[in-house]
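Trainee: Residue strings, one per chain:
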Amino acid sequence: MKQPERLSVLKTYKLFVGGKFPRSESGRVYEVTTAKGQWLANAPLASRKDARDAVVAARKAFGGWSGATAYNRGQILYRVAEMLEGRRDQFVAEVTDGEGLSKAKATAQVDAAIDRWVWYAGWSDKTAQIAGSANPVAGPYFNLSSPEPTGVVALLAPQESSFLGLVSVIAPAIVTGNTAVVVASQKSPLPALSLAEVLATSDLPGGVVNILSGRTAEISAPLAAHQDVNAIDLAGADEALAKELEIAAADNLKRVLRPQAVDWVADPGTTRLLAFLETKTVWHPMGA
Amino acid sequence: MPVFEYAPAPESRAVVDIAPSYGLFIDGEFGEAGDGKVFKTLSPSSEEVLSEVAQAGAEDVDRAVKAARKAFTTWSALPGSERAKYLFRIARIIQERSRELAVLESLDNGKPIRESRDSDLPLVAAHFFYYAGWADKLAYAGYGQDPKPLGVAGQIIPWNFPLLMLAWKIAPALATGNTVVLKPAETTPLSALFFADICRQAGLPKGVVNIITGDGSTGAELVAHPGIDKVAFTGSTEVGKAIARTVAGTKKKVTLELGGKAANIVFDDAPIDQAVEGIVGGIFFNQGHVCCAGSRLLVQESVQDELLDALKRRMSTLRVGDPLDKNTDIGAINSAEQLARIRALADAGEAEGAERWAPQCELPSSGYWFAPTLFTGVTQAHRIAREEIFGPVLSVLTFRTPEEAVAKANNTPYGLSAGIWTEKGSRILWMANKLRAGVVWSNTFNKFDPASPFGGYKESGYGREGGRHGLEAYLAGAAEPTSERRGYLPPEAGGQGEGEHDR
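Chains as they are written, first to last, in the numbering used here: chain H, 1 to 288; chain W, 1001 to 1503.
Just chain W, same shape as in the assembly:
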């Protein structure tokens, strides 16, 4: 099969101006960390240092939480229609600056510009636009006549969709009247810091959004801080469990969006070419750095050979390389650490007896890269069938009957997503019913929309983001605690401060 040669078609970097250093965004202003600590953020495609950002410590976390607490009083008292207008402004400014932000995201994260431009950024703006409209309609959302915000939300987001995850966290929190302290991932802090500038342009009152950069220790400080009322986390199941332990015995409300090991199930009557596109999009989108990635392909035995031939042919056309090149399909692995993890698991796949295949593909000499990879002969006991690889690695298993497909698909502690490919409508609905997963894509995969709830069963976490359901995470039910119902008064109003938040 001919592989077309393309001339390089790089998107211009000139549209984005990255400062040599960034501070923490607290109470509407950028400032250094209390102890002056910084760390570097790299471009994973070139290992070039993009900027230096502040490493927030306990003192900075405390300052950010206090700023958010102070802002909460006025922000939560604003009419919903006013909060809505701020969020609409933010959505519009994101649209205006979307090319700049897309390039920035591709630089800091390593994802192809085609995806940051056509997927991440449109979804970011749409998410703010969607939740803006909820801000003055909360009484109709089904969470009581007069639903109340919780207070201060501590939000921790991952590196795979930095700005999109920020939108998923901040938009519903602000719409419902909460204020936030958000920590972007250590390896992708820049788009959140640019978002701080969008808050400035939108005239958002100071302290409503605070952005603190740092590593896992900063996140742990934030989760443990007695002054927050809500923890929202997207990331690994391991950290999610640690968070659940930390908040035990407190009144903090928690939502966790964690790992996955989704089955993408192809029946013998599926349209093979469409299924192949869905499989490729399911596992190689965003280098496979997707918690809902279709990382286990379950193919009906009778079409295994035909499907795998077509899949390998399609994989041979994937272009791996410069994230800013508009023809690139697969960009850089986000960090050296993640690359090491993917390599280790892929090696384990071979060692445990699965057969490894990857197309011929030249990888750039600097940066972090991993070729799209396929494993056949995978059993359910193999690590590559059980553990989340979070990279462009697909494990192929087979089945004979729908019952067997369901049993294998559900044989995982995770339950985030699943895919079904078949022409038979009744089978789709039967399968969708049996699969223990929060999102089921039938004859499609990896589709996202602000109106569509997203989140997992079992160890993929709890709570939903998106849609009407996504509001619940930031609203107190009639009997649930809010900072107001707990009699909280900010220190300057004569209250005891944050101390009383913890039992």
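In isolation and in its complexed conformation, chain H is listed as follows:
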């Protein structure tokens, strides 16, 4: 008698909020397919409430994460890269399926993403030295400017580059001490939801990165309007949505990074690293 072919075990993809993996509170899911329309998985269709829960988790994590030493944050980010390397094949498969790339091209994307994560990990204890300054004021004062994280950042991950683009917006935001609520690529959310599993096993404190899948417009609207979100990266928004969100973001003067044409493979420079920082200047008199 012929043995039946082994039936594979499918993964239930879930959201990542506060270090835990909840389903959407709305109970909704949506179908994720390959570029050719073949069913891949059901992903959670996150709601406004999920978005708000994620902000609460991110805010709760901010004090500890921003207060950790830069060396500690750097090591944790490097640990994430180590975990990514171990799951390289899984991400290659997800990128191949989701973006419709050849295996070679998907591998190049995943390799670049892991290398980018390593690159950003090293920035943790260097950013203050390139973005800060000792200021020679005309008086007997010590005067020092240093960068500090802005706070809770909403990140709309790029729609097209579902893994390299995703990593390229998350790593620079958190390495400096911000915490993030990430809206995954609507069409290809699986690499983002799998990244959550990596983050959960890399000593990254719960809530530092929270990942939501679903309709970008639906999830990003409450994030852009949220009074406890300090900044928003609109990389994954189209022109009309970006404008709408920028208007909503003005209500508490969020720092807004507008969508730009980005070659995710190219050297990213420091733009994203410096976008979500505040400069604090401290004065003190000098005297014997």
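If you are wondering where the hints come from, they were derived from the structure by calculation, not from laboratory data. Since no wrong hints were added, every one of them can be taken at face value.
For lysine-lysine, the following DSBU-like pairs were computed, each having C-alpha atoms within a straight-line distance of at most 30 Å:
#1 W:Lys-1447 x H:Lys-126
#2 H:Lys-243 x W:Lys-1241
#3 W:Lys-1137 x H:Lys-126
So, partial list: chain W residues that the calculated Cβ filter (under 7 Å) puts toward chain H:
#4 Ala-1451
#5 Gly-1467
#6 Gly-1477
Note that beta-carbon positions come from the ideal geometry of N, C-alpha and C, so glycine has one too.
On the provided structure of chain H, position chain W as indicated by the hints.
Mentor: The following block gives chain W in isolation, referenced to the frame of chain H:
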């Protein structure tokens, strides 16, 4: 305590010659507004009309932006070393004319001559001098090997430090190769118009600096104009938010320097006399018309009585009156409208249950005046603890532990500045780290310097002015749009004009 009597010691008005009327300064020339509209500017200490200035309308804004656009081509192409020399010239001419400008500023704004002469004007000249030196060193500023100017900057400044805010806006913009259209505040247009004359004396090419006077509607026209690449605004948080909405969906770069409700935190080990001077300077400097004013005094419970006694004693010696008198500590409130707002908030403080105190002080019969005022028994829920009063009104709250001080200090949508008074070094650094504010003054307050970045967290705005950081607001990062990178060509060069600036 004896209060010394002083004979009047007025600074002479003769040093400044104010014309009966001023036009708009566009493309190097003064001219009337297109529709001929004008408005009056008053001296807030006497309500005397100082001059009549043009009210710029949409057509004038358009003309100014076109002049700046035209000038941008040559100005941005000048070697940085040449732009630097223009700015050095401006700095020097300001120094030469500083007494004239100080008197003018005190007349139009109402601030004491002691402050306009010893604080505003020296800082104005220093700011131009500082940024002049950057103009040919931009490649070393950390914004790329070949940083580019953005194009035309639309700049809107407030009435509290008219000429100083002009310097904060114009100096970095010009150093980086941008051209500007600047709108001074409605109630204090004169020093900006005098600055136009300094541009003439410096031989600045026409159109590089354009000054348009008007009210909020002029500012709104400027912000919305599709031909500008950059908006720089200092003023209220409410207007800042409106600006952020207006520019949404465009490629305009924005910096906003907005309101504040700074905590000035005094610990029980602080040197009380120094702290009192810092508190007084923190809230009564410039009549409290300061966005970073230390308007919430957080005092550790154990020294509350001692500190408040000393503070009240010191407040009793403050002289309120003629801004041109060299002995005056507190001048006139800038406008009737602002006075009404201060009165309304102070009344709300009383109505909500806080205890009001002000020293005995005689206020002049004409003009706009408000005595230095202190509220005790203030809770965090009171309007006077939450809203920016922008006047000489101090709200006193107390705390027991450093953690409580931090929590109360940060309990505001603003985040511009904060003060810490303690002898303990490690506590200063711990506090400075925890306070969510762009400027932290420890054992000092209200210090400014062109080399020192200034700007806020949260709803106090974004971007920094001053120092190396202040250049960023006027430079395009490698991936950021500039008018050049957008393929912009001025209309006379066959381009489509400003239309293509907006998406």
